[in-house]
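**Student:** The chain contents come next:
Number of protein chains: 2
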Amino acid sequence: MFAVTILGNNSAVPAFNRHPTSQVVTHDGNNYLVDCGEGTQIQMINYKIRRSKISHVFISHLHGDHYFGLIGLLNSFSLLSHQQELHVFGPSPLKEIIDIQLKVADTKLCYALHVHHINKASTLIDTDKLTVKCFPTNHRIECYGFSFKEKKQPRKLILDKAKEYSIPAIFYERLKDAEDYIQKDGTVIKNEQVTEPAEPGKKYVFCADTKYDEALIPHIKGADMIYHETTYLDNLRERAESRFHATTKQAAELAKKAGVKKLLIGHFSSKYDTLEEFEAEAREIFPATELALEGVCFEI
Amino acid sequence: MFAVTILGNNSAVPAFNRHPTSQVVTHDGNNYLVDCGEGTQIQMINYKIRRSKISHVFISHLHGDHYFGLIGLLNSFSLLSHQQELHVFGPSPLKEIIDIQLKVADTKLCYALHVHHINKASTLIDTDKLTVKCFPTNHRIECYGFSFKEKKQPRKLILDKAKEYSIPAIFYERLKDAEDYIQKDGTVIKNEQVTEPAEPGKKYVFCADTKYDEALIPHIKGADMIYHETTYLDNLRERAESRFHATTKQAAELAKKAGVKKLLIGHFSSKYDTLEEFEAEAREIFPATELALEGVCFEI
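Chains as they are written, first to last, in this note's numbering: chain G, 39 to 338; chain U, 39 to 338.
No lab work stands behind these hints: they were computed from the structure. Because the structure is a prediction, the values reported are computed rather than measured.
Which stretches of chain G does chain U cover? Using the computed rule of at least three CB atoms under 8 Å from a CB of chain U, they are: (1) 42 to 54; (2) 76 to 89; (3) 104 to 113; (4) 125 to 139.
Computed beta-carbon distance windows for the label pairs: (5) U:GLU123 - G:ASP166: 54 to 60 Å; (6) G:TYR85 - U:THR312: 21 to 27 Å; (7) G:ALA41 - U:THR312: 30 to 36 Å; (8) G:LEU331 - U:GLU276: 43 to 49 Å.
Heads up, the beta-carbon is just placed ideally off N, CA and C, and yes, glycines get one too.
Using the sequences and the accompanying hints, generate a full structural model.
**Tutor:** Here it is as structure tokens:
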């Protein structure tokens, strides 16, 4: 499964039982945490996120509502005997902020923690199943979005057909890699005769905090789903602009221009006690919009 | 009213809907926050604590479960336009930890923040109504308890009696300060004839994290209420000792030896899903024991 679960959808100050930004991207049994506002570890308990499956944490920027829960999570992982290595990506000086707090508490983590500072668009993870990249967004301080792109999967073997043509099992992996098979008498069994096309890899992009900026389009173009902030309703465009945030219609406009399939909106200002208008305004421009409600898991 | 409201009563890792350490001491309309584990600002919302009334924060030590919520609180105060000065007391390098996080976020607080490092037993506040002192406890890292002592109030004027003896109103304040009044003919009106004794000032002591240590007794002797940690039940004395924590019976024993009136127990280990045994064990030694349950306000 490739999905994202929302742990926090509010901006700045917790309010109306909404929490600061955090979400978990799940892919192939791994949990990737994106941002970690205060209380994220408690939200993980509330929504039954398996903390032991978290191998990577991505911090978009060092405004508190996006990372004040990180140090508590790192600490708790150690108290809970987290087994695997943990990689944390975020802007400088994240490592120094973590280190001073571990040092003063005389805390020796029980797992290997690797903090990687990011400072430009770059590839952060590249395995045979997934690529994670970061790219700068347009915010008041240094800030990054993160894209999660599944690798194209191997073609699917049609076992009965492969047997019918007497293709030896040892050749099956090469069939999945789209090779043709040549029988002893020289007959060519075309790959398409014994395999089906692979599902194309899907793509999710977390656009972090940002004002409306078409420079983001190359990073999100054609994505299956993006998350874009909508701190304000559209009548507060000027305020949004001055604070390096976006409105409902701006997020929807960007999703439309980039030709994405689905838009999640969040990072709602604490001035709003209800969210219906956010959904309605964005859908005027981009109907496939969903509110990033806490606890909801969106399949990508 | 002089009271303490519990916001978090768990140790180390949040569990069973229990939160890390925090409590609010209310006196004469002011709120004094004692420790500030992650999520404290959300607990304040849950329990309707008036954040605008907080003028002082006391941090016992720099283990995360006692202060990871502080930076978020300081940040939110600014976003919520906190008006009054805020004084934070805690061990070094608390100020540096706060400063680096404000600086990287380019945050200018809208109120005056004063961070005071504490490093020995000392008086932190001394007004005409309240004295707050800190004292070292016996923990793995530098750690302080805090005592809140009401000043003795002025004696209470019996107005009818004062009028009966024709004492001029201008002298009433001196009567409250226990002076006798001498009439023109030399007759002495003894103070006790026109005033009643003042209520003695009450005392609450937060003993922070500590192993059993009778060196604490001078600081808590005769208190109306103390909070003492009971991380473990009494069958885990060795574990408690090795981790610089205390058990139920140890907390109760100390309360008894110090002749306090009431004992609150908390900082429960996440290994326990229920708390009844904590209460039962402590009450065997010290019957006036209460569990420091979250959301409960205990009048001192």
